[in-house]
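With the hints as extra help, turn the sequences into a complete structure.
Going line by line, the protein sequences match chains A and B.
With the numbering used here as the guide, the letters of the first sequence map in order to residues 66 to 508.
With the numbering used here as the guide, the letters of the second sequence map in order to residues 66 to 508.
Hints listed in this document are in silico derivations from the structure and should not be mistaken for laboratory results.
Quick caveat: nothing in here was measured; it's all calculated off a predicted structure.
Each residue gets a CB set at the ideal place from its N, CA and C atoms; glycine is no exception.
Hints are all accurate, no fakes.
From chain B, some residues computed to sit far from chain A (all C-beta separations above 12 Å):
no.: 1; residue: L244
no.: 2; residue: S260
no.: 3; residue: V281
no.: 4; residue: E283
no.: 5; residue: N474
Taking lysine-lysine and the DSSO-like style, the derived pairs with C-alpha atoms no more than 27 Å apart in a straight line are:
no.: 6; chain 1: A; residue 1: K382; chain 2: B; residue 2: K83
no.: 7; chain 1: B; residue 1: K382; chain 2: A; residue 2: K83
no.: 8; chain 1: B; residue 1: K173; chain 2: A; residue 2: K68
no.: 9; chain 1: B; residue 1: K381; chain 2: A; residue 2: K453
no.: 10; chain 1: A; residue 1: K173; chain 2: B; residue 2: K70
no.: 11; chain 1: A; residue 1: K70; chain 2: B; residue 2: K382
no.: 12; chain 1: A; residue 1: K381; chain 2: B; residue 2: K70
no.: 13; chain 1: B; residue 1: K173; chain 2: A; residue 2: K70
no.: 14; chain 1: B; residue 1: K382; chain 2: A; residue 2: K450
no.: 15; chain 1: B; residue 1: K83; chain 2: A; residue 2: K381
no.: 16; chain 1: B; residue 1: K479; chain 2: B; residue 2: K494
no.: 17; chain 1: A; residue 1: K83; chain 2: B; residue 2: K83
no.: 18; chain 1: A; residue 1: K173; chain 2: B; residue 2: K83
no.: 19; chain 1: A; residue 1: K261; chain 2: A; residue 2: K284
no.: 20; chain 1: B; residue 1: K70; chain 2: A; residue 2: K382
no.: 21; chain 1: A; residue 1: K68; chain 2: B; residue 2: K382
no.: 22; chain 1: A; residue 1: K173; chain 2: B; residue 2: K173
no.: 23; chain 1: B; residue 1: K173; chain 2: A; residue 2: K83
no.: 24; chain 1: B; residue 1: K173; chain 2: B; residue 2: K68
no.: 25; chain 1: A; residue 1: K450; chain 2: B; residue 2: K381
no.: 26; chain 1: A; residue 1: K68; chain 2: B; residue 2: K381
no.: 27; chain 1: A; residue 1: K70; chain 2: B; residue 2: K381
no.: 28; chain 1: A; residue 1: K453; chain 2: A; residue 2: K475
no.: 29; chain 1: A; residue 1: K381; chain 2: B; residue 2: K453
no.: 30; chain 1: A; residue 1: K68; chain 2: A; residue 2: K83
There are 2 protein chains.
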Amino acid sequence: MAKLKNISGFPEWLPAQKIVEDRLLETIRRVYGSFGFSPIETRSVEPVSTLAAKGVDKEIYVVQRLHAAESDDAGLALHFDLTVPFARYVAQNFNELVFPFKRYQIQKSWRGERPQKGRFREFYQCDIDIVARDVLPLSADAEAVTVMDQVFRTIAVGRHVIRLNNRKILLGIYSSLGLREEERRQAITAVDKISKIGREGVLKELQDGMGLDLAVAEKIADLAEIKVSASEAEYILSKLEIDDRLFEDGRREMLALLELLPAETGKCVQFDLSLARGLDYYTGVIVEFVFEDHPEFGTVAAGGRYDDLASQFINKKLPGVGMSFGLTRFLDMAFEHGLFPLEEKCPSQILVTVYREEDRAECNRIAQVLRDHGLCAEVFLSSPKLGKQIDYADARGIPQILFFDAQKNKIEVKDLRTKEQAYVPDLEKWASAQAARSSNKRV
Amino acid sequence: MAKLKNISGFPEWLPAQKIVEDRLLETIRRVYGSFGFSPIETRSVEPVSTLAAKGVDKEIYVVQRLHAAESDDAGLALHFDLTVPFARYVAQNFNELVFPFKRYQIQKSWRGERPQKGRFREFYQCDIDIVARDVLPLSADAEAVTVMDQVFRTIAVGRHVIRLNNRKILLGIYSSLGLREEERRQAITAVDKISKIGREGVLKELQDGMGLDLAVAEKIADLAEIKVSASEAEYILSKLEIDDRLFEDGRREMLALLELLPAETGKCVQFDLSLARGLDYYTGVIVEFVFEDHPEFGTVAAGGRYDDLASQFINKKLPGVGMSFGLTRFLDMAFEHGLFPLEEKCPSQILVTVYREEDRAECNRIAQVLRDHGLCAEVFLSSPKLGKQIDYADARGIPQILFFDAQKNKIEVKDLRTKEQAYVPDLEKWASAQAARSSNKRV
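Structure follows, in structure tokens:
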């Protein structure tokens with residue numbers, strides 16, 4: 066008999082969990098769409114050469130036919146994020162797309178990482194990006210932050226913090242401290258780890274790893290401890306007294322961005338000088354979404370501004386800003402912390418019981434009336450004692466049970482939550498009232 | 066610069082096509098859920114050994130880390146259908162699931178087939194299955210057919226035909242003609258090809274390939290030409306005068322199934338003795354959904370009854386019935402035949418134009434009011450001449466444009482389809498009317 070086991074890093078949910086995942090996917094899709102982002106989906110594979118060029122530190126999964134005779138699909142691999150495929154898609158369909166191109170993309174990605182808690186080898190990412198030809202206004206960065214803020218508000222499982230910074234601010238500061246270009250990048254990588262290795266760890270990297278003077282290293286570490294609300298950002302930035310053009314650009318962008326955010330979004334913002342985002346390609350605004358009361362969730366969504374999306378593929382300048390919600394990791398944590406109730410094991414809102422097999426056709430018709438009103442209704446597939454049918458509803462988490470008495474042509478519905486049973490004189494009327502109630506309930 | 070090319074068999078859609086795909090996915094999900102099927106999703110990979118055991122004639126895609134140092138994920142491959150993973154999932158979560166277990170599963174599968182028109186190496190399948198412990202009543206088969214019928218009715222792109230047969234009828238007939246067990250299976254494989262190779266081709270396989278007598282081969286070919294409506298099935302089956310127990314079981318099942326189907330579903334049924342479904346594991350009812358006016362679409366959905374889902378994994382008898390809708394292939398054909406309009410390139414229903422940058426905050430607020438009413442609204446990201454903003458809406462297929470005049474604090478909306486422009490005195494009221502209209506329009 067074949068072995069049954071989980072494959073580390075490839076999560077699978079039970080139906081009740083999958084129902085939660087589907088609701089979240091639907092919510093995220095709806096919010097992204099409501100801001101006018103177009104859906105796209107790319108193939109799961111790209112040429113290895115494309116991925117390997119970008120896949121620093123990422124383990125790539127190569128795909129090969131088991132009985133590979135020809136070489137036509139040699140060199141394919143599963144994508145490890147949605148950014149590289151998106152860049153290729155934009156370049157490939159350049160003449161078909163309207164710019165600025167706003168797209169969302171919700172798909173699985175795969176990384177052959179060493180599996181450990183909270184790391185997945187197969188996972189859903191929910192990305193938005195806005196790319197423009199040549200110039201992309203800062204209103205796009207504000208929109209990307211606003212959209213993600215809206216996602217967190219809609220999911221509504223806890224207060225979120227929007228950590229904001231700007232690469233130009235960091236690079237300007239480091240430049241004013243006399244760091245050379247390569248050193249500035251190394252400093253970003255070091256500061257990025259502050260939440261993991263602490264101030265001492267960062268100092269060590271800056272001094273021992275990079276050979277910076279203690280005074281410079283301490284200045285960098287000091288600055289990385291600045292975290293203020295949106296309303297204090299202007300004051301803090303002026304107090305830094307950095308004389309550097311890039312810093313000045315970053316300062317102006319940060320303040321303009323804060324102006325552009327809706328007031329309620331701004332209230333969640335923390336201007337955080339320790340935020341560096343390790344990945345290389347960001348050039349301006351950088352953002353992370355975390356939960357105020359659940360720091361152990363880590364970064365749930367993140368993104369930023371980049372100068373050039375697709376220079377690997379096309380000779381056009383395409384600046385963009387993107388944001389990614391890491392759904393699988395979030396869900397794993399959320400299930401562990403019991404953030405979602407898992408009572409529903411199936412979508413059914415009503416079980417239509419079958420008292421005698423000869424009533425089945427009528428029971429099917431009743432269920433279809435309910436469905437036609439937008440309700441989820443299932444008919445019990447055999448006709449054992451009603452107690453057994455009620456047990457089934459209970460086990461599946463179906464809240465209501467319908468009884469049809471063929472002899473009296475009478476319908477009754479029992480609510481398993483309240484234990485109340487009521488006669489239903491007009492099925493259509495009842496169904497439409499139920500549907501209105503349930504569409505109000507489900508966000 | 067990296068090469069840009071399609072990878073044969075890995076389709077990708079433009080945004081307007083993806084919007085259609087997403088609507089279909091949503092429709093299918095809704096219909097499946099409305100009958101109480103629970104969603105599940107399995108990991109994309111299974112052990113090669115599991116897949117190879119079932120993967121007759123299927124090309125398996127092996128997955129391997131590019132820099133494979135350890136052997137921990139050696140022997141993984143992408144699933145080629147959703148049935149094997151489903152069987153494994155049921156066995157693995159046996160004690161967590163409620164039986165009969167009704168599940169739907171909508172995911173991509175991968176097959177390393179030789180690419181040709183209409184064959185995909187990466188494709189969406191939309192499956193439902195009902196599995197029970199030990200015994201599964203025929204009402205489950207009827208439900209599976211009804212659900213799929215409902216999917217076709219909801220998609221509503223053309224009249225569909227539900228081709229129905231029963232493996233027991235075929236095996237019973239072949240048995241009564243003196244075929245041995247192995248020959249019966251070969252005959253099914255031969256008859257299955259009749260639409261491709263014609264009567265002559267089938268005769269040739271039965272005679273030359275299997276060594277059957279001309280008379281027996283002709284009898285089999287004759288029967289394979291019987292296609293009647295549901296109402297004629299009983300008469301035809303009685304006229305065949307086959308004296309065989311299995312045939313008799315199949316006959317009774319067929320008639321009972323037709324009784325169990327809703328009247329409107331029954332009207333689409335064609336009892337078709339040529340329907341054999343090549344795959345080995347079906348043991349009872351077999352079904353194919355085709356379009357009456359689009360035979361070139363081939364089989365769009367198909368399925369049937371099987372005796373044992375998961376004996377490969379667990380020592381339990383789990384009979385089931387399943388149905389699969391081949392979404393990617395259907396979409397490819399549908400786009401080619403222009404069955405869906407492709408005017409919408411983004412979800413936006415309204416573009417909020419921005420006359421001056423200083424009005425942007427107010428424009429954002431206006432758009433959020435529209436979103437809060439369930440509408441999709443986007444704000445133009447810069448503030449060039451209005452003509453340019455209108456061109457953008459036009460190119461993206463956004464039907465309505467909102468103008469905000471900050472000085473007069475006045476909102477007007479222009480409909481690009483009717484060219485009518487109207488003053489909007491009360492935005493909330495207008496938004497809620499629009500939302501009601503658009504939710505009526507979208508099924």
